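Assemble chain E onto chain Y, guided by the hints.
Protein chains: 2
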Amino acid sequence: MFVERESVCVLGGGSTKYGKLDDSISDITLQASVGAIESAGIEPKEIEAGYISNVFGVADKQVHLGPVVMSNLGISECPSLSIESACGSGSVSFREAFANVAAGFYDAVLVTGTEKVTHTGTDWTTTYFSYCSDFFYEGQAGASFPGLFASMARAYLHEFDATEEDLASVAVKNHENGVLNPKAHLRKKISIDDVMDSAVVASPLKLYDCCPFSDGASSVILCNEKFAKEHSKDYVKVIGSGRGGSPAALQGREQLTTIPSTRIAAEAAYKMAGITAKDVDFAEVHDCFTVAEVVDSEDLGFFEKGTGATAARNGDTKLNGSISINPSGGLKSKGHPIGATGVGQVVEAFEQLTGKSGERTVNDAKIGLTQNFGATGASCAVHIFESV
Amino acid sequence: MFVERESVCVLGGGSTKYGKLDDSISDITLQASVGAIESAGIEPKEIEAGYISNVFGVADKQVHLGPVVMSNLGISECPSLSIESACGSGSVSFREAFANVAAGFYDAVLVTGTEKVTHTGTDWTTTYFSYCSDFFYEGQAGASFPGLFASMARAYLHEFDATEEDLASVAVKNHENGVLNPKAHLRKKISIDDVMDSAVVASPLKLYDCCPFSDGASSVILCNEKFAKEHSKDYVKVIGSGRGGSPAALQGREQLTTIPSTRIAAEAAYKMAGITAKDVDFAEVHDCFTVAEVVDSEDLGFFEKGTGATAARNGDTKLNGSISINPSGGLKSKGHPIGATGVGQVVEAFEQLTGKSGERTVNDAKIGLTQNFGATGASCAVHIFESV
Chain Y
1 MFVERESVCV
11 LGGGSTKYGK
21 LDDSISDITL
31 QASVGAIESA
41 GIEPKEIEAG
51 YISNVFGVAD
61 KQVHLGPVVM
71 SNLGISECPS
81 LSIESACGSG
91 SVSFREAFAN
101 VAAGFYDAVL
111 VTGTEKVTHT
121 GTDWTTTYFS
131 YCSDFFYEGQ
141 AGASFPGLFA
151 SMARAYLHEF
161 DATEEDLASV
171 AVKNHENGVL
181 NPKAHLRKKI
191 SIDDVMDSAV
201 VASPLKLYDC
211 CPFSDGASSV
221 ILCNEKFAKE
231 HSKDYVKVIG
241 SGRGGSPAAL
251 QGREQLTTIP
261 STRIAAEAAY
271 KMAGITAKDV
281 DFAEVHDCFT
291 VAEVVDSEDL
301 GFFEKGTGAT
311 AARNGDTKLN
321 GSISINPSGG
331 LKSKGHPIGA
341 TGVGQVVEAF
351 EQLTGKSGER
361 TVNDAKIGLT
371 QNFGATGASC
381 AVHIFESV
Chain E
1 MFVERESVCV
11 LGGGSTKYGK
21 LDDSISDITL
31 QASVGAIESA
41 GIEPKEIEAG
51 YISNVFGVAD
61 KQVHLGPVVM
71 SNLGISECPS
81 LSIESACGSG
91 SVSFREAFAN
101 VAAGFYDAVL
111 VTGTEKVTHT
121 GTDWTTTYFS
131 YCSDFFYEGQ
141 AGASFPGLFA
151 SMARAYLHEF
161 DATEEDLASV
171 AVKNHENGVL
181 NPKAHLRKKI
191 SIDDVMDSAV
201 VASPLKLYDC
211 CPFSDGASSV
221 ILCNEKFAKE
231 HSKDYVKVIG
241 SGRGGSPAAL
251 QGREQLTTIP
261 STRIAAEAAY
271 KMAGITAKDV
281 DFAEVHDCFT
291 VAEVVDSEDL
301 GFFEKGTGAT
311 AARNGDTKLN
321 GSISINPSGG
331 LKSKGHPIGA
341 TGVGQVVEAF
351 EQLTGKSGER
361 TVNDAKIGLT
371 QNFGATGASC
381 AVHIFESV
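These protein sequence lines map, in sequence, to chains Y and E. Start counting the first sequence at 1; every next residue gets the next number (UniProt numbering). Start counting the second sequence at 1; every next residue gets the next number (UniProt numbering).
Keep in mind the hints are simulated off the structure, nothing from the lab. Since this is a predicted model, take the numbers as computed values, not measurements. Keep in mind that a hint or two might mislead.
To be verified - With a straight-line Cα cutoff of 35 Å, these simulated DSBU-like cross-link-like pairs (lysine-lysine) come out:
id, chain 1, residue 1, chain 2, residue 2
1, Y, K45, Y, K233
2, E, K17, Y, K61
3, E, K20, Y, K61
4, E, K305, Y, K45
5, E, K61, Y, K17
6, E, K20, Y, K229
7, E, K20, E, K356
8, Y, K237, E, K226
Isolated chain Y, as found in the complex:
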């Protein structure tokens, strides 16, 4: 049976600063939500459902965040829920909201991603984050995420024409962009030498190849186009959405230099949007480690397999390069509050496509893409946005 769907739009976006925050998880979630509501020019009571994404609410002793946020917004009657898909939670929450608006269940919904972990310290965070791996095969065997991504990096350097300096160039580029982003966690220009000289975390990955642990919250208002037109001229259309999965443990994969879930999600999103990778002007991708951005850039179809590192080395992915990757600074510089990251990428796409991204603006951008995965890419969602 043919199901006719609503055209879905992003009407507004808000974020806290990413970094080490003092406020509670409830407070930062509220702050980002209020930011999105004000950006959209709507009243809280126009929101018909709340989609929260969060992984470790236990860290700040607040699980079941949805009703707390709705109550604090003065709309306690509004249904809400929390979605978790490890570091890919934000994009999956966005996808569920998209599906519900597309299906006409709601006219307008709130999507807020949030995480508060830095107060727990590095030991707690590293340990708990490892619960997002396939713990039986990975976490309990001592394989934390830096180690798992180091395996991917080692494989990449072995298989292709790539050097550790090429990976470092990803970090350098993302820090360059992050300096221009007032909300970014690490606003500091760095050099290839800085990366190469930083402490080895899990060879070949060094400290500056790794994104930081961050607190932060990001929020968007999603609605149908009729609702959007009635409220603002500053909205963008969601033209593509795709999700995919990979074997949860790295040992179950045929190759370490590609992430199956990204390819599946991207194929679905491009198909829905009716475009190819060539049509994308900028992309916010999941660069939890430098090697991840290189692999992403290939899996998303921007570069041929094995040439992503060369492209990074040559500056093709810089702001206003042939494809601008992570104009926000990405997870590496902007920061990675894991439940918020996927929603923060959408905020960046919204701001880029509505002329709100200041000095880090991608010139003449019409189409942006976001890619956000969980763990080593066991889950992934890709979304595509178009300016109106």
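Showing chain E alone in chain Y's frame:
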């Protein structure tokens, strides 16, 4: 714009036993999922998305459960996610799956709720469960859930013609039903005196007024009707779905003897189904404490406000009473693995309406309802099922 929707069906259901389980959270989640798949007579590869509900994956060190389950089912490419809405997680996950199938995004999906906490001990569980309250106003002030529901019970006994013995009769009835349920946690007949003589947990609630902490997993296959017809004659239709919210903290409510989210969710579900409470043959409701079932039975429209306790006293809610409430044994006797409970209710509805519920069968049942809430009802979802 009118959006035509698919008719959504439950094609199969499976559950582990509820109780104290030795297997890991990944294993029990897989066991229930396989049970549902076999019950539906489908192959894993026919599943297009996995909806997991779980609250405290951290208790057994496995968060990001979806990809692990999908990988263990041999369908790692299949997208998945986890949904949390405290003790109401299962029904909310079911609702998201329902919405996606209704909208035509997927033909068939897996919905599996799961929880594994008993190995952590009562202190851990009581503390972590309190994170599901509005922790700022409740949990950190020492208000754990028995205390919060005791406030509701105290208010109910004060306002209406009801006694502690009436509340006890809910426990007695649910244990009667649970004895007939091979999957139930507490299969033991009890008397009013047993309840009245049990240890006071939070006056007026005594130990036997409270549901147990349980491990367990429950799973269903949701699909469109074309898919259902092609696979089996044993399916039921989902004819109503509603969600609602309440002020997160009890102190924000105007009354303690009604749960706003239940009323909102029920109104929406009845409206979608085109029926009233009078048409319902049995209901699986959220009886985390005996008082909750009494309040639920009024909020769902089965009895006038203030008469639910009398109805329980008079046996109206017994198996094959005027309205059979919790034929499975409910949370009180069947058990309450918090992420699984809402899905387990749907398994019961499926089994009741397809002639698979053995000795606890509600005679000539055509329409069943499930109601599952989070915390003190800060979130709630109601679903209505019809036999074919």
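Now the hints, each set against the structure:
For the hint pairing Y/K45 with Y/K233, the CA-to-CA distance comes to about 21 Å; that is within 35 Å, so the pair holds. The straight-line distance between the Cα atoms of E/K17 and Y/K61 is roughly 30 Å, inside the 35 Å bound, and the hint therefore holds. Of the pairs offered as hints, the one joining E/K20 and Y/K61 holds, with about 25 Å between alpha carbons and a cut-off of 35 Å not exceeded. Restraint check: the Cα-Cα separation between E/K305 and Y/K45 comes to about 28 Å, which is no more than 35 Å; the hinted pair holds.
This hinted pair checks out: E/K61 and Y/K17 have alpha carbons roughly 30 Å apart, not beyond 35 Å. For the hint linking E/K20 to Y/K229, the alpha-carbon distance of about 54 Å lies beyond 35 Å, and the restraint is violated. With a CA separation close to 25 Å, the supplied pair E/K20 and E/K356 stays within the 35 Å bound. Restraint check for Y/K237 and E/K226: the C-alpha separation of about 32 Å stays at or below 35 Å, so the hint holds.
Checked against the numbered hints given earlier, the structure breaks only hint 6 and satisfies all the rest.
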